[in-house]
Amino acid sequence: MRDRLATPTQRRAYGRGGINRVTSPWRANTVPYASILLGSLLPIWVLADVMPVVPPLGFLIFLSWRVMRPGLFPLWVGVPLGAFDDLFSGQPFGSAILLWSLTMIALELIETRFPWRGFWQDWFTASLAIILYICAAMVVSGATVTVFMAAAAVPQILFSVLLYPLFARLIAWLDKFRLSRSRRIG
Amino acid sequence: MAPPSSRRSGFSKKQQYSVFTGYLLATLGALVGLGLLAISLWQPSVFQPLRGAAGDAASPVGQATATARAGGNNTWDTLTGYWNAGSQNAELRREVEIARIRLAEAQAVETENRRLKALLGLADEAVEPIVSARLVGSSASSARRFAYIGVGKSDGVTVGMPVHSERGVIGRVLETARASSRVLLLTDSESVLPVRRASDQTVAFAEGRGDGLVRIRLINLGLNPLEIGDVFVTSGAGGYYRPGVAVAVLNEKTSDGGIARLIAEPSATNYISVEPIYEPLAVEASGVREQDELTEAELGE
Chain A
0 MRDRLATPTQ
10 RRAYGRGGIN
20 RVTSPWRANT
30 VPYASILLGS
40 LLPIWVLADV
50 MPVVPPLGFL
60 IFLSWRVMRP
70 GLFPLWVGVP
80 LGAFDDLFSG
90 QPFGSAILLW
100 SLTMIALELI
110 ETRFPWRGFW
120 QDWFTASLAI
130 ILYICAAMVV
140 SGATVTVFMA
150 AAAVPQILFS
160 VLLYPLFARL
170 IAWLDKFRLS
180 RSRRIG
Chain B
0 MAPPSSRRSG
10 FSKKQQYSVF
20 TGYLLATLGA
30 LVGLGLLAIS
40 LWQPSVFQPL
50 RGAAGDAASP
60 VGQATATARA
70 GGNNTWDTLT
80 GYWNAGSQNA
90 ELRREVEIAR
100 IRLAEAQAVE
110 TENRRLKALL
120 GLADEAVEPI
130 VSARLVGSSA
140 SSARRFAYIG
150 VGKSDGVTVG
160 MPVHSERGVI
170 GRVLETARAS
180 SRVLLLTDSE
190 SVLPVRRASD
200 QTVAFAEGRG
210 DGLVRIRLIN
220 LGLNPLEIGD
230 VFVTSGAGGY
240 YRPGVAVAVL
250 NEKTSDGGIA
260 RLIAEPSATN
270 YISVEPIYEP
280 LAVEASGVRE
290 QDELTEAELG
300 E
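Chains as they are written, first to last, in numbering that gives the first Met the number 0: chain A, 0 to 185; chain B, 0 to 300.
The hints are simulated quantities; they were obtained by calculation from the structure and are not laboratory data.
There's no promise every hint is true.
To be verified - Chain B stretches covered by chain A per the calculated footprint, using a threshold of three residues with CB under 8 Å from any CB of chain A:
1) 44-50
2) 137-150
3) 246-256
Idealized CB from N, CA, C, for every residue including glycine.
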């Protein structure tokens, strides 16, 4: 279920300025999607010839947004965002659509089961999602999975898991920017 | 942190339905993804136009990052050069390395020539590259090893053409779009390249392992004649690559061949050249037709 845009408590918390400022709906609704699309696009410009070195940035940012702001995305959002990711990731088309949709459903179920949570639990959930995602993506990549391939993915997995807190901070900062009261009224 | 209260559906029928619809749509989305995935694993070329358009859009930015990468590589080389003995050290080392590769290739060409002369007086003309370009990107977050180049159909690139750097083979064009192409690198686990030892006629396959090394699998099994440090060059079998281009150096011996390190690292090259398919006829002949049965018309002939 989706959140309403600006609840009254948020209106007071984000940004200084006069009382005639509100959250810009345009900014609030585009920033999360733009950051995810950019994350999907960035790894293509890194030249990795030996093994996967860049964490799946699109998925990491998507996951961080989902964990940080549970009601932000509709449940089916994995389809369009995953489709965009598939165009650039080098995976067969459809793999991110499937895996991102499953991630959305799984996180929703975990959340109904454990409604109260903290940072460490979030990190644990996110790590589990990252590990499962990278392994599943390797299986559906169209290559026969060998021991060497799996071993080559270990640094990427570790890197992604350790990067999650950093991404959580980044998303928190982006969220602040997203909800900052920038639109003048009256 | 407690979940926001707005996320509880409570007794509101409208909210309960919206939660249900959300789950339904997400499951449908996952099923659609599964279907698309099955189609693209079964027929990889179906979504090629989509990916091609995306690649065309992304490659101009890739040109800029490639230039920056080349600059970064050069700066790094210079720095390491100073660290050792001055900036020309790095330059000289690279030259010596290329000279060593060329020596091995020359050795290969020599044996090749001797064999050809023994067969017939076949003249081997120089191959003109189709186009030169930069590597603009790669699938850096995926388990597959693809690279993207900023030239495509409009430059005369077609599927199957070998991609070389100044040091040796990099890979083969897998998909082409209007102004960009996707290259299957030798390190990808689905890449197989027929090679032979530069010093003699020991033929083998160089298969990517997916972790940056290639596995050399000898075709004639028996006593393993390989030695660590052996240079492998393309054999020309299969018709895609011209013979005698450097591929890999043996790093480790195994029972059926060895593990080798690539000579041409894509990340260290500035420019690559796309060359025409060496023997299009051989490629055509080795291909499997869609329907490998004789038609009525063919039977009647």
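Violating hint indices (sorted, rising): 3
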